[in-house]
Amino acid sequence: MRYEARLSGSGGQGLILIGIILAEAVGIYDGKNVVQTQSYGPEARGGASKSEVIISDETIYYPKATHLDLLLCMNQKSCDEYYLDLKKDGILIVDSSLVHQVPTNKAYQIPFTRLAKEELGKAFVANIIAIGAIAEISKIVKESSLTEAVLKRVPPWSADLNKKALKIGMEEGKKAEAFIPSKG
Amino acid sequence: MAKMTYRLLQGNEAIVEGAIAAGCRFFAGYPITPATEIAEGMSVRLPMVDGTFVQMEDEIGSMGAIIGASLAGVKSMTATSGPGFSLMQENIGFACIAEVPCVVADIMRGGPSTGLPTNPAQSDIMQTRWGTHGDHPIIVLSPHSVEECFTVTVKAFNLSERYRVPVILATDEVVAHMREKVALPPRESLEIIDRLRPTVPPDWYIPFEDNSMGVPPMSAFGDGYRYHVTGLVHDVRGFPTSRPDEVDTLIRRLHRKIDKGLGYIQEGEYFLMDDAEVAIIAYSSVARSAKQAAIMAREDGKKVGVFRPITLWPFMRKDVEEILKNVRAVIIPEMNMGQYSREVKRVDQGYARIITLNRVDGQVITPDDILRKLKEVY
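Protein chains in written order, with the working numbering: chain A, 1 to 184; chain B, 1001 to 1378.
Check before you lean on any hint, since a few could be wrong.
Unchecked claim - Pair by pair, the computed Cβ-Cβ distance ranges are:
(1) A:A44 <-> B:S1113: 17 to 23 angstroms
(2) A:D85 <-> B:E1321: 38 to 44 angstroms
(3) A:G41 <-> B:G1222: 44 to 50 angstroms
(4) B:T1052 <-> A:K167: 42 to 48 angstroms
(5) A:G41 <-> B:G1134: 34 to 40 angstroms
(6) A:E148 <-> B:G1263: 45 to 51 angstroms
(7) B:S1189 <-> A:K77: 44 to 50 angstroms
(8) B:S1113 <-> A:E43: 16 to 22 angstroms
(9) B:D1050 <-> A:E148: 31 to 37 angstroms
(10) B:D1259 <-> A:K87: 49 to 55 angstroms
(11) B:S1189 <-> A:H100: 40 to 46 angstroms
(12) A:E43 <-> B:D1245: 55 to 61 angstroms
(13) B:Q1055 <-> A:R114: 56 to 62 angstroms
Don't read these hints as lab results, they were simulated from the structure.
Note that the coordinates shown come from a computational prediction; the quantities given were computed from them, not determined experimentally.
Virtual Cβ for every residue (Gly too), placed ideally from N, Cα, C.
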């Protein structure tokens, strides 16, 4: 089975980093095949940015995502642009503090950036909260693998902060489930 | 056998590891998207192995510096993308005529000029071959995966050392920035080739004298062998000449050494080609789309295979001709307006129908793009 995830938003939100973390968690710690690619504009901040992770038990040839099983949108523009790439049963997760027009009520709406600021005082861990929620909602990665991968990729001084962010993400992911209309 | 440990590695990072494993101990370069991670990686890795990293003022200087380092006996490389690669051309020609081994990575992005800095392209294929002027042989290799970024970089150094020729490592943004799970082969399992050095006493050394391989032994500056290096056409002692017989001898030897080595230099992958009725010829990231397309086509009962040249130059004429004779159509998808396909058309003597598929919008060619083209012939 080929699983395609796209993590999108704007430059500076750390989407490429969480793509790497997800790929490392699933590939190295969970032992599956992974390919991670990225695409971004020439701007250091702002502009479009996305990171894609393909997960499979088989060899992965084409490295890009086209029919998404999972889409994370950390701004309105990316949600508008990529929503139609989502499969019928694909999971849409949006940062509801930045995405105000959600195309479907079957979306997990979690205010990652607001939570990062209010709960942890650091807006920049919004991406880690998001990857925590992704793990909880999609079950594509083991919690322990994800924690290990996060800690490997972030600076040591921020380990506690990131652990807290992951935990918040997982809890919020669980809560958001209740608001999803049942499948069918 | 040593235990394989898997790592999540980027194409550019694997190029760095390949270079270090091949014995590269000097890097001079100037950062440019999408090749910057090679310079970054080298600046970290080279000091660990007593190597030298220099961030230069520009790409002209970078190319000059690696030629100098190589003449001093150190395996050297630089890495760049289109705009920087253009600046390097003059000195690449110098390395060709003075027969200085070196490796230049060209990570292709959209052009011309500053172009599309962060998007992939394959539009330097002809520039890698003919970017520098004059009748010169050159070797160009193109990896399509992270693992190959490692192994092909090792091969690039080996060929460069063996034939005393600059080798261009040409791939695109997708392969360079892509991360895959890889287990790099242990150092002991790799063949590492070093340039031949003179064994005669210094007084007897004739630096550009022909031999059976067409590759004269190369002494390092400081070894005590005095000789002259110039970009001018030179005689066997390295001094400028315009004597027709000496000029002809040099230019023909430069070509002969590569022509004789074709079997060793050329490498390609045949994917599902045994019974293929239609072949896709693709390289770098597009080869991955091609493989996916071939698998999807076969699920549909269509016998499609992929030929993937790893050696882009010298052009793999023998292989391509053989393929053209055995299939009824060839599809050549490229992220340019048709550079490699022109070479395929050049050798097609009416054997097979050739269909080009060109994308120049800064996006990767998808398997679906290829399958749509396939419908025209199958």
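Status of each hint after checking the structure:
no. : hint                                   : verdict
1   : A:A44 <-> B:S1113: 17 to 23 angstroms  : 21 angstroms, holds
2   : A:D85 <-> B:E1321: 38 to 44 angstroms  : 41 angstroms, holds
3   : A:G41 <-> B:G1222: 44 to 50 angstroms  : 48 angstroms, holds
4   : B:T1052 <-> A:K167: 42 to 48 angstroms : 46 angstroms, holds
5   : A:G41 <-> B:G1134: 34 to 40 angstroms  : 39 angstroms, holds
6   : A:E148 <-> B:G1263: 45 to 51 angstroms : 47 angstroms, holds
7   : B:S1189 <-> A:K77: 44 to 50 angstroms  : 48 angstroms, holds
8   : B:S1113 <-> A:E43: 16 to 22 angstroms  : 19 angstroms, holds
9   : B:D1050 <-> A:E148: 31 to 37 angstroms : 33 angstroms, holds
10  : B:D1259 <-> A:K87: 49 to 55 angstroms  : 52 angstroms, holds
11  : B:S1189 <-> A:H100: 40 to 46 angstroms : 56 angstroms, violated
12  : A:E43 <-> B:D1245: 55 to 61 angstroms  : 59 angstroms, holds
13  : B:Q1055 <-> A:R114: 56 to 62 angstroms : 41 angstroms, violated
Comparing the model with each earlier hint shows violations of hints 11 and 13; every other hint is respected.
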